[in-house]
Structure formats: structure tokens, C-alpha cells
Amino acid sequence: MKLSLLSVFAVVTIICLFGFPKAGIYLGDVPITFGYLLLGFSATIQLVRIAISGRRSIRADEAGLGILFFLLATVELAAFAKYGYHSKGALVSIVASTIVVPIFAILSVNFFVDILGTPLFFRLLRISLVIVFTFGVISFFVYNTTGIIIGVPFLTTTGGDISLVAERHNLRGTFIKMFSTYNNGNILGVNLLIWGPIAAIGAAASRFQFRSICILSLSRSVWIGLAAYELVNSIVQRRAKNIFYAGAFLLVLFTIAVGVSWMMGREPIAFLLDANLGGRVSNFEDNLHGMKTQKLAWTSESLYAAAYLTFGWCGSLLITLIWAIPILRGGRSPIQVQSRIALTIYMLIAASEAAFNLIPTQALYWMIAGIAMGATGTTSETSSQSEDSPLTADNRVEGSAQDQVEYLGQGRRSA
93 MKLSLLSVFA
103 VVTIICLFGF
113 PKAGIYLGDV
123 PITFGYLLLG
133 FSATIQLVRI
143 AISGRRSIRA
153 DEAGLGILFF
163 LLATVELAAF
173 AKYGYHSKGA
183 LVSIVASTIV
193 VPIFAILSVN
203 FFVDILGTPL
213 FFRLLRISLV
223 IVFTFGVISF
233 FVYNTTGIII
243 GVPFLTTTGG
253 DISLVAERHN
263 LRGTFIKMFS
273 TYNNGNILGV
283 NLLIWGPIAA
293 IGAAASRFQF
303 RSICILSLSR
313 SVWIGLAAYE
323 LVNSIVQRRA
333 KNIFYAGAFL
343 LVLFTIAVGV
353 SWMMGREPIA
363 FLLDANLGGR
373 VSNFEDNLHG
383 MKTQKLAWTS
393 ESLYAAAYLT
403 FGWCGSLLIT
413 LIWAIPILRG
423 GRSPIQVQSR
433 IALTIYMLIA
443 ASEAAFNLIP
453 TQALYWMIAG
463 IAMGATGTTS
473 ETSSQSEDSP
483 LTADNRVEGS
493 AQDQVEYLGQ
503 GRRSA
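93 is the number of the first residue of the sequence shown in my numbering; add one for each residue after it.
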């Protein structure tokens, strides 16, 4: 299969975003990752392609999102004008995470699906999962047995100092969380809950990799998210066998969590049921006292607490509504349903651990959101077939998500 220059560009961008999200450099204190740079170029290319194609119509959900993002931008502009901002870095981080990156990601995923086709897009997700799992396991066991941090400067970490990984809240006593190419266990686990289930569709090895990464992240929020995903997914499939397997896996997951807590020297029940959420409740209460007297910054790990502290009730409700639209307005095909479940789980654990303004969370969330809403391209061939596309049709392809992926692959091979 020969790939065009645009296809090669799309492949590199996807691998950078999902497999090596921290690859990049620092300009002063500002991280510049290759994935985000390529994401900006991808979005620009898609805008040019839309203009050239002469597309005149816009879908209702796209128009609705556009209006809501405009309203959110207005609220943010008013808030920054009134209260100021803590630093230029904080300003860039907030605006990028809430406005710029989501829009770029939606444009880019439509570009990727159009240029590469859905089968290759999903294959690249699996390749990225293998990369993350392989490096994650190796680095996890090397550090926890020798105390040595391994990595490739500018590829597995931003900048050239790989030793900084140990300082990024990765230590649990003498143990280090699996951080892989994401540089932090919580960021890794949260992001894998977003795209891991999609990459693992119909592949036992990928499911094992996805679950293992979430467990070895040593994050309680991620453990809860993984348990919730297994339960919800089994219920949605409406198969007694799957519900039984999910229940058995939840029991195994709880046993592993208790064992890991004990190995880290923590009292298992107190560690797993920490009412202070690892200090997050106390931090929120402290920040609440300083609200309206401090310059704006995204200070809480909780999405909803941070949104409220930064932009008040109006901004908090807008952000919640915008991020929920792909879940509420997504399609009913098996792949879209899996995407909506994954996004729902993220919104659940975001109450405690959102990694909201940290690279690459919002890029990956909105790319999966684009899949949930039925990403389509701009070529005449794609447009003429869009009604029959498994990403947009709700009932034309029967069976599981794996059946749908196989159907897509067969269609591409026969073309």
C-alpha cells in the first residue's frame, strides 16, 4: 500500500500524539511538543481542504459546538479582563486546553479519517498502544528494580533531562508509577481510559495492554475509571457472559489494588477510600477562600472544581456542557458507542483527576469525540459514501465493534 505525502504526515502526527505525546522541546518554561505542532498543521490543512472542496453545509452538532465555544471564549475573555491571569503560561494553558486544542483536534481527526481511512486510523492506535505498553513496562521494571530512569531525550520526554520524570509526582513510596512516554502515571492512566478502549476493540492482546497500563499507573482515579468502564461496557453489550467476566475482572482488580496498596506500605482501605482524595479536597477549600481575590489560573486537578474556581458557575456549566455534547450527540454504531463510553468514563473520573490542561489530554479527548460524532472527510468519494459510513450510519453494520472494524478493513481491501 503506497501512502501519499499527506498520508505519511497524518501517520507521523497520530503516532506522535498517541505514542509519543511528550516528544518535544522547551522554549523557556513553555513545553513545545511535536504532536501539538503537527496537530496545528493538520487542522490548517483540513481548513484549506474544506475551502477548496467548496463545502457549503455544516452539521447541526458542529454548528452547536461552534456557538458554545464562542460563548466560552467570551466568558474567558471577560474573566481575564476583570481578574487578570496568574502568568502567561497559565493564560496559554487555559486558552489552549479549552478553546484552541479541541477545535484543532476535531478538524484533524476528520482529516485523518478522510486521508487514511478508518481501518488504518485504528491500526495506528494499536501501534501507539504497543509503543506505550512496551516502553512503559520496561521503564517501570527497570526503575523499580535498579532505581535507574531510562528514556530517549526529546522523544520519550520533553527536553533533554529524562531524570525529571521522577520528580513529576510519580513516586508511591519506594515504587514509581508506570509513566511510559506520558511522563506521569496519572496523565498516562487518564489518557488511556480515553483512547485505550477504542484501540483494544476486538484484540485480546490490546485489551491486556490497556488494562495493564491502567493498573500499573497506580492511580486510584484510574482504577475507578477502569472498573467503571468494564462494568458499563458489559451492561451496554447486554450479554450475560460479558457481565460475568466484568464482575470477575472487578474482583481481580480490587485484589490487585489491595495488594499494591500493601506493597507501597499503605493501609489498603484507608488508601483506596481516602475521603480527602489525596489532598484534592483540602486544596479546593483553600482555593475557594481566595476566589475573586487571586489572578486566574487552573489550580485544581478536578475539572469541575478548576472550572468553577477559574470562571465561576457560568464557565463551569459551559465547559461541562461542551465536553458532554459528544457523549449526548454521538452516534449509535458500535465504534461510536465505545467512544461515547470512554468519554463518559473520563467525565466521571474528571471529578477527581482530569489532567485537563496537561498535554495531550484534550487533543486525544476531542479526537475520540470526533469519532463518536461521526468523523468524515471532504473528498467527493467520502462525501458520496458518508451515509453508508460505519462512523455515521447507526444501523447499517450489525454486530460488535470488532465486526465493524473487520467490515471496514474488508471494504478498503476490496476497493
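Don't read these hints as lab results, they were simulated from the structure. Among the hints, a few may not be true.
FRET-style restraints, in silico, Cβ to Cβ [stated by the list, open to error]:
no., residue 1, residue 2, range
1, S145, R299, 35 to 41 Å
2, V324, A173, 37 to 43 Å
3, G239, G156, 23 to 29 Å
4, I117, F267, 17 to 23 Å
Glycine included, every Cβ here is placed at the ideal spot set by N, Cα and C.
Results for each hint:
In this structure, S145 and R299 meet the distance hint of 35 to 41 Å, their C-beta atoms being roughly 38 Å apart. Remark: the range hint 37 to 43 Å for V324 to A173 is upheld by a beta-carbon distance near 41 Å. The supplied range of 23 to 29 Å is broken by G239 and G156, whose beta-carbon atoms lie about 52 Å from each other. The given range of 17 to 23 Å is broken by I117 and F267, whose C-beta atoms sit roughly 30 Å from each other.
Violated hints, listed in ascending order, are 3 and 4; each of the other numbered hints is respected by the structure.
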